[in-house]
Amino acid sequence: MDVELVNIYKTFGRVHANDGISLKVKSGTIQGILGENGAGKSTLMKILSGFIQADSGDILLDGSKVVIQSPADSVKLGIGMLHQDPQDFPPMKVIDNLIIGSPVGLFPNRKKIIKQFEELQKQFNFAISPDTYVDTLTVGERQQLEILRLLWLGAEVLILDEPTTGISASQKALLFETIRKLAAQGKAILFVSHKLDEIETLCSQVAVFRQGKNVGSMVPPYSTEHLVEMMFGKTIARSEKTCDTQDQINFEIDKLKIDDRRLVIKDVSFQIRRGEVIGLAGMEGSGQAMILRALAGIIRPTGGHIYMMDGKPDGRVDLAGKHYFQFRNLGISFLPAARLEEGLVQGLSLAEHFALAEKQEGFLIDREEVEKLSQQRISDFNIRGTPESRIEELSGGNQQRAELALMRNPLRLLLLEHPTRGLDIESSMYIWTKLKQRCAEGASILFISSDLDEVVHYSDRILVFFGGRVSPAFDASLVTIDQLGQLIGGKGWS
Amino acid sequence: MDSNLLASFGSVFAWAGPVVFAVMGETLTEKAGVINLSLNGSIILSAMVGFAAATTTGSFFWGFVGGAAASALVAFIIAFMSIGLKQSQVAVGYVLTLATKSLAYFLGAPFIGKPVMQLPLVSIPFLDNLPYVGPVLFNKTLLTYLSYLLIIVCYIYMFKTSKGLILQGIGEQPAASFVRGANVNRLRYLYTILGGALVGVGGALYSLSVKTWNGQLTGIDGIGWIALAITIFGGWHPIRGAIGAYFFVFLQWLGIALQPLLPNVNSRIFQVAPFPLMILALLFVNIGNADWVDRTLAGLPEDARKIISRLIRGMRTRGPAALGTPFENE
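Line by line, the protein sequences give chains A and B.
Note that the working numbering numbers the first sequence so that position 79 is 328, with each residue one more than the last.
Note that the working numbering numbers the second sequence so that position 64 is 52, with each residue one more than the last.
Misleading hints may appear alongside valid ones.
Straight-line Cα separation of at most 25 angstroms, DMTMM-like style, residue types lysine to aspartate or glutamate; simulated pairs [unchecked claim]: (1) B/Lys148 / A/Asp384; (2) A/Lys683 / A/Asp702; (3) B/Lys151 / A/Glu367; (4) B/Lys148 / A/Glu367.
Just the calculated beta-carbon pair ranges, DEER-fashion [unchecked claim]: (5) A/Ser453 / B/Lys74: 42 to 48 angstroms; (6) B/Arg174 / A/Phe261: 55 to 61 angstroms; (7) B/Leu109 / A/Gly596: 57 to 63 angstroms; (8) A/Gln434 / B/Arg298: 44 to 50 angstroms; (9) A/Gln735 / B/Arg174: 53 to 59 angstroms; (10) A/Trp742 / B/Thr313: 55 to 61 angstroms; (11) A/Arg263 / B/Arg298: 56 to 62 angstroms; (12) B/Tyr93 / A/Glu591: 48 to 54 angstroms; (13) B/Lys74 / A/Asn374: 42 to 48 angstroms; (14) A/Tyr573 / B/Arg298: 35 to 41 angstroms.
Example chain A residues on the side facing chain B (calculated, C-beta under 8 angstroms, incomplete) [as the list claims (entries may be wrong)]: (15) Phe300; (16) Asp337; (17) Phe356; (18) Asn358; (19) Ile547; (20) Ile548; (21) Gly552.
Bear in mind the hints are in silico, worked out from the structure with no lab data behind them.
Note that the coordinates shown come from a computational prediction; the quantities given were computed from them, not determined experimentally.
For glycine and all other residues, C-beta sits at the position ideal for the given N, C-alpha and C.
Only chain B is shown next, with the shape it has when bound in the complex:
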């Protein structure tokens, strides 16, 4: 393969970092039974705060801390409104989406044009020399590596540890978890804020490595909504969510890569196409949830039906049963 193309393809994994952080954060939060709908606004706000903090202090570290803190604060507001005050998570989240986005452009105006800070690339010795895999995966920023690690950690935490089982429990049957000694509401606060902080790291990562803060909507607006969709259609599963995130960014990259080859096509199509394509892909993955599919499959020859229906069943997902509902003991 052409080494330029390979390097370009490698950028999928770098660009996907923010989406991965956001999806993991939202997955944690929703597993606990809380919907943080503010993702689109939170990401923009933390991208702005992350950039501002980094350029002001000259330190990437404070950039990420700032981004995480901004988004965690938004998450805390959602947790307080929905757990503490028993308000609708959807309504609160949606209003915060709009509010944080506007706030980001308002507060971020003074930072437009400040010197760009770009996270340095760090090659991992030995691994970066591997053919194909090396340049694609292992010549990235530290935070990109962290995003790989996060997927694995999230997976192990949720499904292999006892704390992860409780996390699943409080989103599934909060009353039963309470009976088993879990402090449901405290844990929900915790996971909402933690999830929010991860979303914030994603936002800061965007403005510090993918595209710098320039006070414009291009690129970053919409990522939050896509991350929400990936969380849901990814079945609240970290690995599936990550695959969704990479697939989405791959579609975006494809648009850019194809553009020079198809000069007659309006470039906007390449920008917009990943969104509907992504939704279609997600719908296809979850097609097994619809009754008519079973009926249609019944007409196929037995062997084919078995294989297809097993495939579809494997892709099928179910959300946390108590998602979006408050918990009260009595």
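Just chain A, with the same shape it has in the complex:
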């Protein structure tokens, strides 16, 4: 089915999410939709799938105008959307997830539906048992289930919104294979992403969105440089790699042992020098997050020492077992991955956050002082928002900047979990510029990232984690992504 969106407008408050976007997708093509966070990609897709309604504009299917008021309408017309967050029912069975909302009559014939489901998933080499519960599936499998469901309902147009977030490499390969098969069957595929390499390997054409507008399109062979220029309005190259490592040792970790119910990490010893950036690589749950939290004073190690050097010869303080507040007062700062859940307070404004983070003097908040401070920080950290904006109204990138702006001075050690996850290239580069400033001032950084490129580019040294084991520190300039990948996958450990 051919899809055409004509002059779609949609505003949220004062934000023009879609500012007159038009887009044409022929059946059998994989249409890439590229753009940074907040460019209007998801909004347009939600309009096409009926989740929200456009303020104005037309939707044409096979050349005739249609009205889509709700997801029910779009499903009937053959449009299916795979949402970024799985829209399914975790405590229910796979088969029930398939049935919910489908026109199968009052008493669904489960046997027949299971047979159809099995036949459908054979086509794509999926292997999901219809009787398992969805909360036991991986994100990739839940995605497969959702794709199957949409196909089972007869979708001719398939929208995939950032489908590669949170799935494994093999699942990604299977997903891409599936998408190609579907396109070959004549389905129209809309593939939304902000990842250039995915768009370039998969899509038969790409449209680039910027600030709510469709700013251009391209067909293979793609020019990455040109795409980036369209996305951001200018070319961006990663900043030169700089090393601020000083000789002075900042922290010494000695035979640290941490016990979790699931995982035991022991005999971890390494030194952290001033100004140094150490990247922690590994599959999620291999122990990196535990080390970071132990160094932040949030979980208590069961053995070993965390020495902080205080400058005098032989003078060191053991922090292991001390209270989190003490860690904090010594200039150790932790930025968790779950920004809204662990790092920031939903419902409070930016100004209130700044007031909270400062040392309290007196009983009442000095509104004027806080206002001044907030304005200062907002411009220093280039946050798009006002002191009165509530934190959850900000985009992910701006929330991350706010977290950075909340850190106190002086800093000795900065512990970061996925500092740029979900952020576009421009935002993440900005974050790193700010972080490197801290290094130049003598602070050390330890960070976790699943983006190996980021780990190699920004670290001075790298520690690899696998199942609770920790590698010796590698010099980042001497290691390749391939070598790291093998270690992360459990190969090459003695």
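Chain A is already provided as a structure; the job is to place chain B on it using the hints.
Below, chain B alone, put in the same frame as chain A:
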């Protein structure tokens, strides 16, 4: 067994009718993601309205319609406040509990002392001759039979039909249900009002078969709270909820049956004991939700641990994930 005792034991199923209706109604409502906390007041109000309507019209039918309508109206107010106006369901429900209770005693005063109407017993041919089971289960009012049927219908509807899956869906993940084409808020209105109407039938059943409306709190006050607790600890499951309802009424009956045998014990104890006993039983059923249980069990021999932990896991329950939270698409 003594036939008198048997007949007396049979009254458990008759008395339990109102509780069963209330639990089924609340289960439907909460499955959809809405808490109707007003149960205790709604039941009293509909008991009063049901009695008043029946004695005024002389018809049981209008009695039940009146009771259902009164409670459905309360449920509609809760739905409108929480879905339409996005107010706290707990606060609205609690205020309505108090308001409806007072309203019932205020409006019900003129009907105290009116001629009692008692639903007639209907024996089911053949079944009522079955030994033991016959007199216990099948010599009851029509509404009692309806309460049996309701449990089964609720169970089949929730777990075997496509509409029931959507009902579970809107209480679990309203956004995902919306994506699948469900009109979440309209369905929530529907199930809240339907659930309320069932609660109302329960209230009317109380005053028209268990104990007549006499303007006093004895007997009926507290049933609503217990029904709420049974709904939650029954894991939002009709069969488990029904078992809970029968167990509670059984405890009440036990108190009455034991009283003559233990003349030295204060009779109030028999009246009050079912409530704490019920709560204890419900807590025990859900003991698997606590972490320390796993740790304690770890010390047992392997076989015993396996059996006990499987038993506990089987009893464990989880509420609808979106219970009590409003839904907005964006």
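Right, here's what the structure says about each hint:
1. B/Lys148 / A/Asp384: holds (21 angstroms)
2. A/Lys683 / A/Asp702: holds (19 angstroms)
3. B/Lys151 / A/Glu367: holds (24 angstroms)
4. B/Lys148 / A/Glu367: holds (21 angstroms)
5. A/Ser453 / B/Lys74: 42 to 48 angstroms: holds (45 angstroms)
6. B/Arg174 / A/Phe261: 55 to 61 angstroms: Given a distance of about 24 angstroms, which is not inside 55 to 61 angstroms, the answer is violated.
7. B/Leu109 / A/Gly596: 57 to 63 angstroms: holds (58 angstroms)
8. A/Gln434 / B/Arg298: 44 to 50 angstroms: holds (46 angstroms)
9. A/Gln735 / B/Arg174: 53 to 59 angstroms: Hint holds: Cβ distance 55 angstroms, inside 53 to 59 angstroms.
10. A/Trp742 / B/Thr313: 55 to 61 angstroms: Distance hint for A/Trp742, B/Thr313 is violated at roughly 46 angstroms.
11. A/Arg263 / B/Arg298: 56 to 62 angstroms: With Cβ atoms ~57 angstroms apart, the hint holds.
12. B/Tyr93 / A/Glu591: 48 to 54 angstroms: The hinted range 48 to 54 angstroms holds for B/Tyr93 and A/Glu591, with Cβ atoms some 50 angstroms apart.
13. B/Lys74 / A/Asn374: 42 to 48 angstroms: holds (46 angstroms)
14. A/Tyr573 / B/Arg298: 35 to 41 angstroms: holds (40 angstroms)
15. Phe300: holds (6 angstroms)
16. Asp337: holds (6 angstroms)
17. Phe356: holds (6 angstroms)
18. Asn358: Cβ of A/Asn358 sits 11 angstroms from chain B, so the hint is violated.
19. Ile547: violated (20 angstroms)
20. Ile548: violated (17 angstroms)
21. Gly552: violated (22 angstroms)
Hints 6, 10, 18, 19, 20 and 21 from the earlier list are contradicted by this structure; the remaining hints agree with it.
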